[in-house]
Amino acid sequence: MADTGLSFDNPLFKQFAFYSGVVIVKTMSMSVLTALNRIRKSVFANPEDCAIGKAMNRDVKPTLTDPTVERIRRCHLNDLENVVTFVLVGLLYVSSGPDPSTAVTYFRIFTGCRLLHTVAYLGQVPQPSRALMFGGGLTVAMLMAVDVIRKASF
Amino acid sequence: MADTGLSFDNPLFKQFAFYSGVVIVKTMSMSVLTALNRIRKSVFANPEDCAIGKAMNRDVKPTLTDPTVERIRRCHLNDLENVVTFVLVGLLYVSSGPDPSTAVTYFRIFTGCRLLHTVAYLGQVPQPSRALMFGGGLTVAMLMAVDVIRKASF
Amino acid sequence: MADTGLSFDNPLFKQFAFYSGVVIVKTMSMSVLTALNRIRKSVFANPEDCAIGKAMNRDVKPTLTDPTVERIRRCHLNDLENVVTFVLVGLLYVSSGPDPSTAVTYFRIFTGCRLLHTVAYLGQVPQPSRALMFGGGLTVAMLMAVDVIRKASF
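So the protein lines, in turn, are chains P, A and S. Residue 123 in the numbering used here sits at position 123 of the first sequence; the count goes up by one each step and never skips. Residue 13 in the numbering used here sits at position 13 of the second sequence; the count goes up by one each step and never skips. Residue 26 in the numbering used here sits at position 26 of the third sequence; the count goes up by one each step and never skips.
Hints in this document: simulated from the structure, not taken from any laboratory. As the structure is a computational prediction, the values presented were derived from the model and not from experiment. Be a bit skeptical, because a hint or two may be false.
Note that identical chains are pooled: a pair holds if it fits in a single copy or bridges any two copies.
Pairs of lysine-lysine, DSS-like flavour, derived with a Cα cap of 27 Å [said to hold, decoys possible]:
| id | residue 1 | residue 2 |
| --- | --- | --- |
| 1 | Lys151 | Lys26 |
| 2 | Lys151 | Lys14 |
| 3 | Lys61 | Lys41 |
| 4 | Lys41 | Lys54 |
| 5 | Lys26 | Lys41 |
Build out the structure end to end from the sequences listed, making use of the hints.
This is the structure in structure tokens:
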């Protein structure tokens, strides 16, 4: 019988922790990327932040429409919508005792899709590359969620 | 004594997994709804996405102000703000050993409120219907969070 | 050996639950603050919400640009980006069996940074106060995430 504990003693949980850690770090790194681009381009959302631009002798006022910053922010929000729900569902899914090899396959497909989704988004790769990566990740997370609901219904 | 394990062996956790699964699937489905409406109305946020509209012989340019798409996106963001915090708090709450019947009542009220919140938001049902559903869900999640803090303080 | 269970029987998990509860309640309270300010200033995002303002004999139409409400919303989104990822990483981190005193130090720094971040954001405290609090919280969460990935890789 499959181990279902949420602990590193459970090999499947350990693998889940690895892939979750990777996609969470990727998501967090969008915050850093936003901050770096706000400073580099002197594009700030708040009046008090403009002092940073003024210290660099630039004339800045709050702006919410810079294409580079807004693209990173859309990518970040897409991560929040998809990565966060994946990790939440994954915790429930691992504790439901899934088939380990199916589970690890799901984790790998999701992680691969989300890493390539960021490459496609920030690199402005022609569609449907980003749409496919988005759909792949979402499909895996949905399959996991439906499996959780099904198993929890009995 | 109540079982406090985060595992399907714990009947309360299993119920929590069921209701969490339902509200997470509902949240994820907003992504699908946004994508479908972006394609149907040819409303895209990124220049490279407009190729999808052009393939359908429509003249499109990036737009961030379509009322239908923006309404779905506000509903989605409201889910992220409320559903994600509920599931996080719920994991801590279940592991704190709450009274099972109180806990299941909370899970059911939250799930009902959030499903009706979406109906009210997308159906543009007159207020205060949506406000009441929002407030009901938030109140339950707050009660659970305060219970976690209180029990974890000793 | 350190206890790694996600249960209140594990003293480290109990501490994690406490600090997570605090930052989640703080995040949820931004929803309340947004709602109160929308009503106080009659600033609503949806046409059907404007009935609330009209009931107070005010002439209102949907607006998405009120500086007070948008500032609270930016603060809320920043919480979602940072607090949610912290709690997710923290669950994985606690189950990886970290050094308890290091772990509690991380939890305390993160919680302190996020509470002060909100004070700085809503109080419009001159920079770099908010940037430092943001960076402190993100650094702690990143250190925890890297530790999870490292331990899960073996």
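Structure-based check of each hint:
no. : hint              : result
1   : Lys151 with Lys26 : between (31 Å within a copy, 18 Å between copies)
2   : Lys151 with Lys14 : both (22 Å within a copy, 9 Å between copies)
3   : Lys61 with Lys41  : both (12 Å within a copy, 24 Å between copies)
4   : Lys41 with Lys54  : within (12 Å within a copy, 32 Å between copies)
5   : Lys26 with Lys41  : within (22 Å within a copy, 32 Å between copies)
Hint compliance for this structure: no hint is broken.
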